[in-house]
Amino acid sequence: MSKHFVGDTAVLLGRSLRHITRSVDTIVTTAIMPIAMMLMFVYVFGGAINTGSVSYVNYLLPGILLITVASGIAYTAFRLFMDMKGGIFERFQSMPIARSSVLWAHVLTSLVANLISLVVVVLVALLMGFRSPAGVLAWLSVAGILILFTLALTWIAVIPGLTAKSADGASAFSYPLIFLPFLSSAFVPTDTMPGPLRVFAEHQPVTSIVNAIRNLFTQQPVGTDIWIALAWCAGILIVAYGFAMNTYHRKIS
Amino acid sequence: MATQQAPAIQVYGLEKSYKELQVLRGVDFTVARGSIFALLGSNGAGKTTAVKILSTLLKADAGTARVNGFDVAAQAADVRESISLTGQFAAVDEILSGRENLVLVARLRHLKNPGKIADDLLARFSLADAGGRKVSTYSGGMRRRLDIAMSLIGNPPIIFLDEPTTGLDPQARIEVWQAVRELAENGATVLLTTQYLDEAEQLADRIAILHEGRIIVNGTLAELKQLLPPAKVQYVEKQPTLEDVFLALVGADGKDGDAGKHRISVRK
Chain A
3 MSKHFVGDTA VLLGRSLRHI TRSVDTIVTT AIMPIAMMLM FVYVFGGAIN
53 TGSVSYVNYL LPGILLITVA SGIAYTAFRL FMDMKGGIFE RFQSMPIARS
103 SVLWAHVLTS LVANLISLVV VVLVALLMGF RSPAGVLAWL SVAGILILFT
153 LALTWIAVIP GLTAKSADGA SAFSYPLIFL PFLSSAFVPT DTMPGPLRVF
203 AEHQPVTSIV NAIRNLFTQQ PVGTDIWIAL AWCAGILIVA YGFAMNTYHR
253 KIS
Chain B
56 MATQQAPAIQ VYGLEKSYKE LQVLRGVDFT VARGSIFALL GSNGAGKTTA
106 VKILSTLLKA DAGTARVNGF DVAAQAADVR ESISLTGQFA AVDEILSGRE
156 NLVLVARLRH LKNPGKIADD LLARFSLADA GGRKVSTYSG GMRRRLDIAM
206 SLIGNPPIIF LDEPTTGLDP QARIEVWQAV RELAENGATV LLTTQYLDEA
256 EQLADRIAIL HEGRIIVNGT LAELKQLLPP AKVQYVEKQP TLEDVFLALV
306 GADGKDGDAG KHRISVRK
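Heads up: the protein sequence lines correspond to chains A and B, in order. Positions in the first sequence are counted from 1; adding 2 to them yields this note's numbering. Positions in the second sequence are counted from 1; adding 55 to them yields this note's numbering.
Computed cross-link-like contacts, EDC-like style, restricted to lysine to aspartate or glutamate with a CA-CA straight-line distance of at most 20 Å:
id : chain 1 : residue 1 : chain 2 : residue 2
1  : A       : 5         : B       : 136
2  : B       : 107       : B       : 126
3  : B       : 107       : B       : 83
4  : B       : 114       : B       : 70
5  : B       : 167       : B       : 155
6  : B       : 189       : B       : 149
7  : B       : 189       : A       : 27
8  : A       : 253       : B       : 116
9  : B       : 189       : B       : 155
10 : A       : 5         : B       : 133
11 : B       : 107       : B       : 267
12 : B       : 107       : B       : 133
13 : B       : 114       : B       : 133
14 : A       : 87        : B       : 149
Source of the hints: derived by calculation from the structure; they are not laboratory data.
Chain A with its partners taken away, still in its complex shape (with noise of 0.2 Å):
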């Protein structure tokens, strides 16, 4: 590894997070798709769906930060297809940099984008009733794991960034992460589900992920799902790591 890598990261970073407050519509996009989600889950179906105790709003938020994430990548990879198209990459790469850091500082950049978006969407939901007992502890951890899970997907999101032949190809992929959380408990209890359908709910990622961020948030025992969220997150970060990296290097050889 270069000894510049950390001060071409730096410079590098500056400049896609120039892009973002000079397209400040990329965030108000991400931002915009979950909450109009939430109004309408909480307000059009949420009066129909029995979570018990626990508000619908309460319920629900988990998922929708998830989405916010899975929709935010679109970017990510968008913005690193522009480079490629546009020469800017080729430009950096015959320079005498550390070349790794054009990579990574897309990614630091994708983990800025996507933490301002959350939060955009947690104000929402404040507006929206949605409250939380949870302490500084429990908000970090939920903090934790939103990191992890959007570097997850943030490398998945590199692949197709490096890979695409159009925009719309390298933002096309994620439409079934999108989707996913629609399949788990992030917007109804999967008890209510027919049988495959609910072995596969209760045992995809994003069914833990959400339990995991609920429990925190209302201040109940968080259990195993921590864990195997966790282990869900850290598995797909070094897999999608391993793939995007392998992708990166036939890309530059």
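Assemble chain B onto chain A, guided by the hints.
Frame of chain A; chain B shown alone:
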């Protein structure tokens, strides 16, 4: 430094294939320090592939290439310290301003005073007024000038320009040619690829014609001309070219002098 003595670029037996397609089939050439060398060829001749290998973006299948005395495969980092690449499409950041683009490259080259470097280059490339504007508002010629200005940061001794004027209008082409001449006057070695014969004729000290993956001729313009039968004397009325007419009518690039020069050539 020993590397100062070697030719700027030495290429022997370079080969590269994409699956079945053989793009380079044994390319040899040498570029002397401080000269402008044009790699001339039609689309698909392999020009860009050759430039990508020399700028460490691609690995050759066979052959060796040394840039500034460094092997492109084994000493890629040293090569990158010695070169700058201006690719086929202006590699500028559209969302940043012209000045921010220059500052970005200066920072990545770990130079002191990136702001001053940027301002100097903006002035030198007549972009000072546009420096604070987003690059997405620039014309094609301004974008190309910014692109070349970004390549000069840190004064790399060897500059690759891949089809620097493709897609530009005649005025912008002349601006780019002027910029390339200045580079060579300041001692840089320039390797440029082009599909335009007049561009090679205007700029290059030596011209190599790349055809179907091989260099078929390599020499100075005078040497290339000698390959054909000696010129016969003919009396031909000198007609202005359409380019002369166009430039005279629209007034070249608006700079003093240029417009007048072209107007005179029309009256000849």
